[in-house]
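Residue numbers (the working numbering), protein chains in the order written: chain A, 1 to 333; chain B, 334 to 762.
Treat the hints as calculated values from the structure; they're not laboratory data.
Keep in mind the model is a prediction, meaning the values are calculated, not measured.
Treat each hint with caution, since some may be false.
As the list claims (entries may be wrong) - Derived DSSO-like pairs (lysine-lysine); straight-line CA-CA distance at most 27 angstroms:
| id | chain 1 | residue 1 | chain 2 | residue 2 |
| --- | --- | --- | --- | --- |
| 1 | B | K354 | B | K532 |
| 2 | A | K196 | B | K555 |
| 3 | A | K196 | B | K406 |
| 4 | B | K532 | B | K544 |
| 5 | A | K35 | B | K555 |
| 6 | A | K40 | B | K555 |
| 7 | A | K40 | B | K544 |
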Amino acid sequence: MGQIKYQLPPDEVLAPGHFACPGCGATLTMRYALKALGRKTVVVIPACCWSVIDGPVPYSAAGVPVFHTAFETAASTASGVKAGLDAQGDHETTVLAFAGDGGTFDIGLQALSGAAERNEDFIYICYDNEAYMNTGIQRSSATPFGAWTTTTPAVSPKAEKKKNIIEILAAHRIPYLATASVAYPDDMIAKIRKAKDIRGFKFIHVFSPCPPGWKFEPEDSIKISRMAIESKVFPLIEIIDGIDYALSKEPDGIPVRDYIKMQGRFRHLNDEQIGIIQANVTEDWERLRAKFAPTRKVSRSRRDESTGENKSSQTRNVTRTKNARKRAQKSRG
Amino acid sequence: MMEKNVANTKRDGLLHPSIDKVVVIEGTHAASHAVKLARVQVIAAYPITPQTSVVEKLSEIVSDGDLDAKFIKVESEHSAMACCIGSSISGARAFTATSSQGLALMHELLHWAAGSRLPIVMVNVNRAMAPPWSIYVDHNDSLSQRDTGWLQFYAESNQEVTDTVLQAYKIAETVSLPVMINLDAFVLSHTSEPVALPKQEIVDEFLPARKASFKIDTSDPKAFGALIGPEAYMEMRYKLYRAMEDARSVIREVDRDFAEKFGRSYGGLVEEYMTEDAETVLITSATAVSTARIAVDELRSMGFPVGLMKLRVFRPFPVDEVRELAKHVRKIGVMDRNVSFGATGIIYQETKAVLYNAADRPSVFGFIAGLGGRDITPETIKEIFSYLMNHDEPESESVWVSLKTSDADQGARPFPETGAGIRRSEGVK
Numbered sequence: 001m002g003q004i005k006y007q008l009p010p011d012e013v014l015a016p017g018h019f020a021c022p023g024c025g026a027t028l029t030m031r032y033a034l035k036a037l038g039r040k041t042v043v044v045i046p047a048c049c050w051s052v053i054d055g056p057v058p059y060s061a062a063g064v065p066v067f068h069t070a071f072e073t074a075a076s077t078a079s080g081v082k083a084g085l086d087a088q089g090d091h092e093t094t095v096l097a098f099a100g101d102g103g104t105f106d107i108g109l110q111a112l113s114g115a116a117e118r119n120e121d122f123i124y125i126c127y128d129n130e131a132y133m134n135t136g137i138q139r140s141s142a143t144p145f146g147a148w149t150t151t152t153p154a155v156s157p158k159a160e161k162k163k164n165i166i167e168i169l170a171a172h173r174i175p176y177l178a179t180a181s182v183a184y185p186d187d188m189i190a191k192i193r194k195a196k197d198i199r200g201f202k203f204i205h206v207f208s209p210c211p212p213g214w215k216f217e218p219e220d221s222i223k224i225s226r227m228a229i230e231s232k233v234f235p236l237i238e239i240i241d242g243i244d245y246a247l248s249k250e251p252d253g254i255p256v257r258d259y260i261k262m263q264g265r266f267r268h269l270n271d272e273q274i275g276i277i278q279a280n281v282t283e284d285w286e287r288l289r290a291k292f293a294p295t296r297k298v299s300r301s302r303r304d305e306s307t308g309e310n311k312s313s314q315t316r317n318v319t320r321t322k323n324a325r326k327r328a329q330k331s332r333g
Numbered sequence: 334m335m336e337k338n339v340a341n342t343k344r345d346g347l348l349h350p351s352i353d354k355v356v357v358i359e360g361t362h363a364a365s366h367a368v369k370l371a372r373v374q375v376i377a378a379y380p381i382t383p384q385t386s387v388v389e390k391l392s393e394i395v396s397d398g399d400l401d402a403k404f405i406k407v408e409s410e411h412s413a414m415a416c417c418i419g420s421s422i423s424g425a426r427a428f429t430a431t432s433s434q435g436l437a438l439m440h441e442l443l444h445w446a447a448g449s450r451l452p453i454v455m456v457n458v459n460r461a462m463a464p465p466w467s468i469y470v471d472h473n474d475s476l477s478q479r480d481t482g483w484l485q486f487y488a489e490s491n492q493e494v495t496d497t498v499l500q501a502y503k504i505a506e507t508v509s510l511p512v513m514i515n516l517d518a519f520v521l522s523h524t525s526e527p528v529a530l531p532k533q534e535i536v537d538e539f540l541p542a543r544k545a546s547f548k549i550d551t552s553d554p555k556a557f558g559a560l561i562g563p564e565a566y567m568e569m570r571y572k573l574y575r576a577m578e579d580a581r582s583v584i585r586e587v588d589r590d591f592a593e594k595f596g597r598s599y600g601g602l603v604e605e606y607m608t609e610d611a612e613t614v615l616i617t618s619a620t621a622v623s624t625a626r627i628a629v630d631e632l633r634s635m636g637f638p639v640g641l642m643k644l645r646v647f648r649p650f651p652v653d654e655v656r657e658l659a660k661h662v663r664k665i666g667v668m669d670r671n672v673s674f675g676a677t678g679i680i681y682q683e684t685k686a687v688l689y690n691a692a693d694r695p696s697v698f699g700f701i702a703g704l705g706g707r708d709i710t711p712e713t714i715k716e717i718f719s720y721l722m723n724h725d726e727p728e729s730e731s732v733w734v735s736l737k738t739s740d741a742d743q744g745a746r747p748f749p750e751t752g753a754g755i756r757r758s759e760g761v762k
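Start from the sequences and build out the full structure, keeping to the hints where you can.
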């Protein structure tokens with residue numbers, strides 16, 4: 001594969017000394033998000049791991065202003081912050097809502113839907129660690145089928161599939177929607193930067209591994225993130241205006257079993273149950289695949305980034321982004 | 334004599350040079366026009382009867398370009414308050430309005446707004462809590478929010494609604510606490526009265542643009558509301574407590590300042606009516622005060638030494654004013670348009686509480702009336718006075734007035750036409 005060279009913005013906005021666990025995906029996500037957005041950013045954080053990670057009074061690791069808000073209010077509080085800044089003539093500062101899966105998929109879904117429908121002009125990043133990790137690993141609607149949590153014990157693991165938050169948001173026809181992974185910082189940063197330049201509601205769903213919650217060693221966070229993509233468990237995609245789907249990374253298509261076997265939260269699963277998960281992942285992938293325009297060529301992998309094919313894909317993305325911006329402005333009147 | 338003063342103040346108020354125009358508007362619109370005059374920058378609201386006309390009018394005002402504000406039409410009252418919190422921490426002046434169930438849904442964020450020390454102003458049109466569904470007035474909705482750290486005002490007239498919204502921003506931005514202005518559903522919210530709207534430039538002098546003492550600022554990054562341990566939480570709560578204590582003098586000052594500029598005053602936290610030589614005084618709030626004024630006039634004309642204290646502000650509670658009143662009256666009756674189940678009317682509890690450690694403690698009687706929009710008429714108030722004057726001590730902690738259930742005779746009787754059979758005097762204290 002050769003050595004990967006990341007070209008990340010050098011400014012480290014997020015300071016060391018935060019309260020994250022080793023190997024925390026949510027913390028890498030914040031680091032990359034702030035690299036992408038810069039210091040003229042305000043972060044709204046509802047109840048989630050990041051309520052703790054940023055540090056207790058009087059400390060704050062974020063390096064930008066942080067407003068801690070109630071569990072279900074990331075999207076509504078961020079709407080207010082943006083409106084308040086706008087009303088005072090500040091159209092430059094980026095407003096970022098930064099929430100976990102519980103605050104996004106569950107208790108904050110109503111406020112999220114409201115802000116998406118109103119096409120509020122801010123970025124919402126959901127770092128999805130697939131359970132209520134801050135309160136001690138309870139199941140959320142983002143917890144995948146078969147997973148152990150403290151409220152879905154191994155003898156009766158989660159019986160329901162993960163909620164498809166992407167399709168919910170795509171149905172809101174928001175100008176920009178993407179998934180991202182801590183295994184691909186350059187892709188994540190590019191997507192967050194793209195989001196920054198689009199007016200209207202932007203949602204980025206980040207796969208955020210949690211060593212204590214998923215039961216794996218912290219040094220495997222990136223490996224597991226990569227396997228989630230390669231196994232098609234977590235496809236890297238972009239959706240413009242809720243309609244125009246693009247794949248950011250063609251998965252190698254490794255067995256889901258390989259991904260599952262890395263994590264203690266799936267240890268209790270038998271072959272039959274793993275088979276169900278594989279079937280679900282395959283089915284979901286086919287459904288997603290069908291949404292990509294058949295003639296569209298997509299960036300096949302990071303290794304192809306220097307090819308002309310990828311360049312044309314980038315050009316197309318820029319055009320689409322411009323259109324999206326135009327549509328967003330139009331919808332705002 | 335005091336009556337004449339009040340009438341003169343009101344009449345002078347309507348002719349005052351600060352007036353731009355006098356309009357006949359309903360209570361909800363009295364709030365909307367004040368929001369415009371206060372140059373509010375962000376409005377976030379969700380519809381609920383009977384609040385809706387506050388924000389309907391505001392959306393017209395904003396759409397017509399008469400107010401340069403962002404109006405966020407949110408998907409719930411919870412989000413309305415969250416938007417107000419977000420915009421207020423960014424430094425903007427924020428407003429919302431609600432009623433009853435909507436206020437209850439906001440409860441968590443009422444704590445958040447006060448704990449964040451944000452000067453948000455909210456109009457609550459008092460409506461009874463369901464079930465059973467009711468859209469009519471009582472005060473259980475706002476009084477259930479007693480301990481959230483919001484100042485609470487209760488308006489008697491549409492003019493007072495307009496004036497209190499203007500005062501509220503000044504008070505809120507001085508003490509860094511949010512203010513709730515309550516007005517009675519329909520009795521005030523949908524009743525038209527003449528309202529003097531002041532000139533914008535005089536309002537601007539009285540209420541300049543907000544200068545936030547703290548806000549989110551990318552050039553000075555700070556975290557707000559982060560985790561705090563037992564070593565400092567209590568001190569932050571003490572500061573909030575102190576701010577609410579300090580609000581008493583700020584309310585009085587702002588009311589005096591308002592009177593100078595606009596010619597109208599509401600007495601600060603309370604307004605007294607015929608209390609100077611009164612032996613028996615009724616304490617009540619909101620529109621029932623106007624009704625009680627009529628009843629007091631009637632009883633005075635029959636020679637009964639009765640008076641009235643209007644509780645304009647419930648939080649902070651007017652401790653000094655109530656204690657001062659207690660020094661020279663024999664009996665205090667409190668008429669509550671609310672009930673705390675397992676206890677009594679809420680204002681009655683609070684009145685007794687502030688008098689317990691006072692040197693002068695008259696007998697205090699609790700009356701519950703007007704729940705769920707049950708009409709409070711001059712007869713209702715006179716019934717209460719008849720009970721007060723014919724009892725030395727209350728027979729029970731809560732006398733429910735004009736109750737229709739047969740097993741609940743609480744002993745309040747219609748006031749006899751001539752006053753025959755009513756004790757005429759308790760003797761001067």
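Hints, one by one, checked against the model:
1. B:K354 to B:K532: Status holds; Cα separation ~8 angstroms.
2. A:K196 to B:K555: holds, 22 angstroms
3. A:K196 to B:K406: Status holds; Cα separation ~24 angstroms.
4. B:K532 to B:K544: With Cα atoms ~22 angstroms apart, B:K532 and B:K544 stay inside 27 angstroms; holds.
5. A:K35 to B:K555: holds, 18 angstroms
6. A:K40 to B:K555: Holds, because 13 angstroms separates the two Cα atoms, which is no more than 27 angstroms.
7. A:K40 to B:K544: Within the cut-off at roughly 21 angstroms; holds.
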